[in-house]
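Chains as they are written, first to last, in the numbering used here: chain L, 2 to 107; chain R, 2 to 107.
Don't read these hints as lab results, they were simulated from the structure. Note that the structure is predicted; figures quoted are calculated from it, not measured. One should not assume that every hint holds.
Every beta carbon over 12 Å from chain R, so not counted as near; a handful from chain L, in silico [unchecked claim]:
id, residue
1, 25
2, 27
3, 35
4, 36
5, 42
6, 43
7, 45
8, 73
9, 77
Below are the DSSO-like pairs computed for lysine-lysine, each with C-alpha atoms no more than 30 Å apart in a straight line [what the hints assert, rightly or not]:
id, chain 1, residue 1, chain 2, residue 2
10, L, 107, R, 54
11, R, 98, L, 54
12, L, 40, R, 54
13, R, 98, L, 6
14, L, 93, R, 54
15, L, 3, R, 3
16, L, 3, R, 6
17, R, 54, L, 3
18, L, 98, R, 93
19, R, 3, L, 98
20, L, 6, R, 93
21, L, 6, R, 3
22, R, 3, L, 54
23, L, 86, R, 107
24, L, 98, R, 54
25, R, 54, L, 6
26, R, 86, L, 6
27, R, 85, L, 6
28, R, 93, L, 40
29, L, 93, R, 98
30, L, 98, R, 73
31, L, 3, R, 85
32, L, 93, L, 73
Far from chain L, by Cβ distances over 10 Å, these chain R residues were calculated [as the list claims (entries may be wrong)]:
id, residue
33, 25
34, 27
35, 29
36, 32
37, 40
38, 75
We put the CB at the ideal spot given by N, CA and C, even for glycine.
One letter stands for each residue in the lines below.
There are 2 protein chains.
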Amino acid sequence: MKIVKTPPAPYYAVIFTALLGDNLDGYEETATRIMELAKGHDGFYGMEEIGDKWEINISYWRDVESMMEWRKHSEHVVAQETGKKQWYECYKMRIAKVERDYDFYK
Amino acid sequence: MKIVKTPPAPYYAVIFTALLGDNLDGYEETATRIMELAKGHDGFYGMEEIGDKWEINISYWRDVESMMEWRKHSEHVVAQETGKKQWYECYKMRIAKVERDYDFYK
Numbered sequence: 002m003k004i005v006k007t008p009p010a011p012y013y014a015v016i017f018t019a020l021l022g023d024n025l026d027g028y029e030e031t032a033t034r035i036m037e038l039a040k041g042h043d044g045f046y047g048m049e050e051i052g053d054k055w056e057i058n059i060s061y062w063r064d065v066e067s068m069m070e071w072r073k074h075s076e077h078v079v080a081q082e083t084g085k086k087q088w089y090e091c092y093k094m095r096i097a098k099v100e101r102d103y104d105f106y107k
Numbered sequence: 002m003k004i005v006k007t008p009p010a011p012y013y014a015v016i017f018t019a020l021l022g023d024n025l026d027g028y029e030e031t032a033t034r035i036m037e038l039a040k041g042h043d044g045f046y047g048m049e050e051i052g053d054k055w056e057i058n059i060s061y062w063r064d065v066e067s068m069m070e071w072r073k074h075s076e077h078v079v080a081q082e083t084g085k086k087q088w089y090e091c092y093k094m095r096i097a098k099v100e101r102d103y104d105f106y107k
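Same shape as in the complex, but just chain L (with noise of 0.2 Å):
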């Protein structure tokens, strides 16, 4: 994982905590794809990941414009509803706007 470079608030945070089901498949082929979509879409500024059965997922974001486009897109469209249908058991997604940060680096 990478901390994201984000430019100076404000910006948006689209954070995802979710628990995964038993039947991955084809999970990790439209996780990538997906984030090689994103990284094409103007206004996305990163993610940040960790999980495993449990995942927490922070996508960052110019604006909600960009980021609403972004649940539009065709592709993305189609993952979300095989995760819903497949993949995920549960999950939470917040859309919070990122007012101030902080960096520390040794």
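Assemble the complex: chain L is given as a structure, and chain R must be docked to it using the hints.
Relative to chain L, chain R alone:
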């Protein structure tokens, strides 16, 4: 882990993404103690956390005031200082206002 049950938005999230170093003396004990203290703090809704070497930790709060009070709590201040001196290689902390959220359960 568990998905934190938060009341309807708006509320606040502190997104903490960190890389731990090699000297973790006292880290687990302090993390447990700090979590206990946070649970008793006015305005604290809960915490989602995953990680090992890399860690993502998201705590949820009622408002800016309760979050800021917590930052100043004396034991928490000591833990933050020890974190910088000893445990963390680097981290980024983001203060974000959750504007909307969505749940999915099977």
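A quick look at each hint next to the structure:
{"no.": "1", "hint": "25", "result": "holds, 15 Å"}
{"no.": "2", "hint": "27", "result": "holds, 18 Å"}
{"no.": "3", "hint": "35", "result": "holds, 17 Å"}
{"no.": "4", "hint": "36", "result": "holds, 17 Å"}
{"no.": "5", "hint": "42", "result": "holds, 20 Å"}
{"no.": "6", "hint": "43", "result": "holds, 21 Å"}
{"no.": "7", "hint": "45", "result": "holds, 16 Å"}
{"no.": "8", "hint": "73", "result": "holds, 15 Å"}
{"no.": "9", "hint": "77", "result": "holds, 15 Å"}
{"no.": "10", "hint": "L/107 <-> R/54", "result": "holds, 16 Å"}
{"no.": "11", "hint": "R/98 <-> L/54", "result": "holds, 27 Å"}
{"no.": "12", "hint": "L/40 <-> R/54", "result": "holds, 25 Å"}
{"no.": "13", "hint": "R/98 <-> L/6", "result": "holds, 19 Å"}
{"no.": "14", "hint": "L/93 <-> R/54", "result": "holds, 24 Å"}
{"no.": "15", "hint": "L/3 <-> R/3", "result": "holds, 24 Å"}
{"no.": "16", "hint": "L/3 <-> R/6", "result": "holds, 28 Å"}
{"no.": "17", "hint": "R/54 <-> L/3", "result": "holds, 12 Å"}
{"no.": "18", "hint": "L/98 <-> R/93", "result": "holds, 16 Å"}
{"no.": "19", "hint": "R/3 <-> L/98", "result": "holds, 23 Å"}
{"no.": "20", "hint": "L/6 <-> R/93", "result": "holds, 9 Å"}
{"no.": "21", "hint": "L/6 <-> R/3", "result": "holds, 28 Å"}
{"no.": "22", "hint": "R/3 <-> L/54", "result": "holds, 12 Å"}
{"no.": "23", "hint": "L/86 <-> R/107", "result": "holds, 9 Å"}
{"no.": "24", "hint": "L/98 <-> R/54", "result": "holds, 27 Å"}
{"no.": "25", "hint": "R/54 <-> L/6", "result": "holds, 19 Å"}
{"no.": "26", "hint": "R/86 <-> L/6", "result": "holds, 23 Å"}
{"no.": "27", "hint": "R/85 <-> L/6", "result": "holds, 20 Å"}
{"no.": "28", "hint": "R/93 <-> L/40", "result": "holds, 21 Å"}
{"no.": "29", "hint": "L/93 <-> R/98", "result": "holds, 16 Å"}
{"no.": "30", "hint": "L/98 <-> R/73", "result": "holds, 23 Å"}
{"no.": "31", "hint": "L/3 <-> R/85", "result": "holds, 18 Å"}
{"no.": "32", "hint": "L/93 <-> L/73", "result": "holds, 18 Å"}
{"no.": "33", "hint": "25", "result": "holds, 15 Å"}
{"no.": "34", "hint": "27", "result": "holds, 18 Å"}
{"no.": "35", "hint": "29", "result": "holds, 18 Å"}
{"no.": "36", "hint": "32", "result": "holds, 16 Å"}
{"no.": "37", "hint": "40", "result": "holds, 19 Å"}
{"no.": "38", "hint": "75", "result": "holds, 20 Å"}
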